[in-house]
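> Protein sequence lines, in the order shown, are assigned to chains A and B.
Residues 521 to 688 (my numbering) make up the first sequence, in order.
Residues 521 to 688 (my numbering) make up the second sequence, in order.
In short, the hints are calculated from the structure, not lab data.
Even for Gly, the Cβ is constructed at its ideal location relative to N, Cα and C.
Misleading hints may appear alongside valid ones.
Stated by the list, open to error - Think about it this way: if two alpha-carbon atoms lie no more than 30 angstroms apart in a straight line, the pair counts; the simulated BS3-like pairs of lysine-lysine are: (1) A:631 - B:688; (2) A:677 - B:688; (3) A:532 - B:677; (4) A:572 - B:621; (5) B:677 - A:591.
As the list claims (entries may be wrong) - Far from chain A, some chain B residues (derived; all Cβ distances over 12 angstroms): (6) 552; (7) 598; (8) 600; (9) 607; (10) 655.
The residues making up each chain are set out below.
There are 2 protein chains.
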Amino acid sequence: MLYEITITQFKKMLENLSRILEKGEKQAETKKFDPTVLLNARLAPDQFNLTKQVQIACDTAKLCASRLTGKEAPIHEDNEKTMAELKSRIASVVTYLGNFKSGDFDDAENKRVSQPRWEGKYLLGEEFAIQHAIPNLYFHVTTAYAILRHNGVDVGKKDYLGEMPFKK
Amino acid sequence: MLYEITITQFKKMLENLSRILEKGEKQAETKKFDPTVLLNARLAPDQFNLTKQVQIACDTAKLCASRLTGKEAPIHEDNEKTMAELKSRIASVVTYLGNFKSGDFDDAENKRVSQPRWEGKYLLGEEFAIQHAIPNLYFHVTTAYAILRHNGVDVGKKDYLGEMPFKK
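For reference, chain A alone in the conformation it holds in the complex (with noise of 0.2 angstroms):
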């Protein structure tokens, strides 16, 4: 269920944040300010703006699907200074997202994942993904919506969920 709980879910995350993005360029051109304000745009003044927190929630989604199955993700510059740009960096990830199978988490559960920042300590494969990057994703998908419905962007939480597989 791994891939399930990741990658499935993390590239329809991202493509819904890829659409929340798109109603935050529509209000700046039906408004007639600079997108950029919204890029620009954070919740408190020591928190990331939006441009970083996306940029956060496509390294969350790619990093989580490299570690856990060791194929190299695409290499992002931090360097986006437009939604069309943001929007493109999310589809590359989608793109990525998008290669692995389940299969390719078959022994994704006890990897050891590490990164830089925690020192040689390490999280089991199933910990790293449930207590770490999932939250995270969400974390850094909600806090992007937040800050464009903050600024009068007309999103809902329709937006945010995406579609659901309902069945009658």
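Please arrange chain B on chain A, whose structure you already have, making use of the hints.
For chain B alone, kept in the frame of chain A given last:
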């Protein structure tokens, strides 16, 4: 894994949420303002305030557990007026979640899950957990965090994520 990705992690996140509320309470005490100001704070005029974010986070967790297993959830009246009452609501959900065992979720994956507003449509248990309950839980905890942070409460990512089971 449904038990670990919902119950175990929801319990942890609700405990983290209780602690960030406490940070808000202390900030109100230190700066000598009425903590109700924080409880009524919101990020947009048409978004739910802090109190409601906490109530929905609690309900998302308890109803996910209840819908996936068929075990009745505690009833809450949505009448909390203070930080203490909100923390007590969180505690009651944490206690409820603490009564579940992994085995309670043996049939959860393919269970048909519905809720009143879905007008008869349903999701399978795994879809409901991964695409609905989990993103919603994180959404409301993150939004509660964002409201506090936006109002100058000294909360950081570590408060949101909680302790990691690091190994050396």
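> Each hint should be assessed against the structure and marked as holding or not.
Do the hints match the structure? See the list:
1. A:631 - B:688: holds (14 angstroms)
2. A:677 - B:688: violated (40 angstroms)
3. A:532 - B:677: With Cα atoms ~23 angstroms apart, residue 532 (chain A) and residue 677 (chain B) stay inside 30 angstroms; holds.
4. A:572 - B:621: Status violated; Cα separation ~39 angstroms.
5. B:677 - A:591: holds (27 angstroms)
6. 552: Per Cβ check, residue 552 (chain B) is outside 12 angstroms of chain A; nearest 21 angstroms; holds.
7. 598: holds (18 angstroms)
8. 600: holds (22 angstroms)
9. 607: holds (21 angstroms)
10. 655: Violated: least Cβ distance 6 angstroms, not greater than 12 angstroms.
In this structure, the hints that do not hold are numbers 2, 4, 10, in rising order.
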